[in-house]
Amino acid sequence: MVHEALFIFFALICVGGAINLLVQRHPINSALSLVVVMGALSLIYLLLGAEFVAAVQVIVYAGAVMVLFVFVIMLLNAGAEERSQGSHVALWVGGPGVLVLAGMIVYLMFRYDRHFTPVSIGSFPAQPDNTHGLARLLFQKFLLPFEITSVLILIAIMGAVVLARRES
Amino acid sequence: MTVFLIAAVVKILLVVFLLLTGVAYMTWLERKVVARIQNRWGPTRVGPFGLLQPLADGIKFILKEDMVPDSAHKGLYILAPALALTMSLISIAVIPFGENITVHGTTTALQITGVTGQGSPITDINIGLLIILGVTSIGVYGVALAGWSSNSKYALLGSLRAGAQMISYELALGLSLVGVLILSGSFSLRHIVDTQSGSWFGFLPRWYIFPQFIAFFIYLMAAFAETNRIPFDLPEAETELVAGYHTEYSSMKFAMFFMAEYVNMITVGCLATLLFFGGWHGPLFGPPLVQSLLPVFWFSLKIFFFMFLYIWIRGTLPRFRYDQLMAFGWKFLLPLAIANIIVTGLIVALRA
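Residue numbers (this note's numbering), protein chains in the order written: chain R, 0 to 167; chain E, 438 to 789.
For the record, the hints were derived by calculation from the structure and aren't laboratory data. Owing to the predicted nature of the structure, the values given are computational and were not obtained by experimental measurement. Note that CB positions come from ideal geometry on N, CA and C, so glycine has one too. One or more hints might be untrue.
Stated by the list, open to error - Chain E stretches covered by chain R per the calculated footprint, using a threshold of three residues with CB under 8 Å from any CB of chain R:
| id | segment |
| --- | --- |
| 1 | 465 to 475 |
| 2 | 563 to 571 |
| 3 | 575 to 583 |
Start from the sequences and build out the full structure, keeping to the hints where you can.
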């Protein structure tokens, strides 16, 4: 009961933050709404019993990635954005598109309803705790995909450096 | 249940009271020690040895006019100091400062988030260290937003420097702790301290400072940079930036930044003690009452040592230049921290 109430509370904060992100006209307000979304997401992870993922979500996304966003906005000293009329394509295709996508997600969730099982803090008594379980998965079972992903990120960083340092 | 709640509330009030008192007297100690280093007297007028000076400062902060600049972004200008102070205070919740204590038949763990029963082992939050790192990284917003929202050049420059510095040194800080995590095998601060009980060869305490002394020095330097203290105090370099990110703040809002900085220093001292200096472990002797209080005393003594070190270094070293700061963080501390992880991991793997 408490669990459902907490989930609904944080889910509402999450969705509210996401809507606020789109509505706000000042970039820094949008960036801070995104921080709120990240925080709420991490609390939902915590409700799922994934305390390590929750902590990493806060440290990496809210604490590092979003700080860089805010940093760049501050550095550029970006002012309030003007609200454009928007293209007709976005209005006529985007609106129905959102409805179709939301409908599909709801349909799939109802269709596979019986496969879902409720989880809560402590429902994975894996090894000593789920940090160990996660480490085993990442560094034993899925070692190759994990390493390939890190090489991919390294390539992306090098690409960014090359692009940034190109003499014009 | 009610007993548990009462014990929890009492613990929270006591710890926050002690922490804030510690912060107040930290400012007194700093002024005194720096004064002696510079051959001055420091505060002497308010109370004996100037001991009531923090109280006088507090009253002055509360009674000063609280100004908000006309062109400031009002909401964020007010939010920033609150964010900085709240985030620094949250960290103390997961820090353990001793084993059990039993008062009138009620046993409680000496930690706000620690749970225990009569005779049962203490259940600690199992990602304590990560919570401290996460909360600290959110605290960066307080500093960054303060400079931006006050709409002043000096403040903006200060907060840009602070943001860049904190992001850069967070990496070295986080990586320096990995060595200890490999040796202890847990994120739980209580478990990390428990693995440091006993001694090597009968006389050397099993503190992680001995196998991980490189990690300790990386941690110490990165933590000094994270708390914006000399020699890494470029965000508030008074000779260049007036006062850095809190230039436009007055009254209690300024005091909140000040308090946040000192609380962060105490947290750094706590973490260094827990991870590298065996937490509350130390020689126990005397009657039972003394024995139950000695761990807390050892813990406080070790933290005091770090606080004194902060002041000592402030009185000794000059400030870094900005390019030196960045080069030091990225080209020296970070590779050293990674090398330390590799060597530690290799030795642990070979001995397993």
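How the hints compare with the structure:
Check result for the segment 465 to 475 of chain E against chain R: violated, 0 residues qualifying (beta carbon to beta carbon below 8 Å, three or more required). Restraint check on the segment 563 to 571 of chain E versus chain R: 6 residues with Cβ-Cβ distances below 8 Å, three needed, restraint holds. Given a C-beta distance limit of less than 8 Å, the hint that chain R covers the segment 575 to 583 of chain E holds, as 5 residues qualify and 3 suffice.
Violated hint: 1 only; the structure is consistent with all others.
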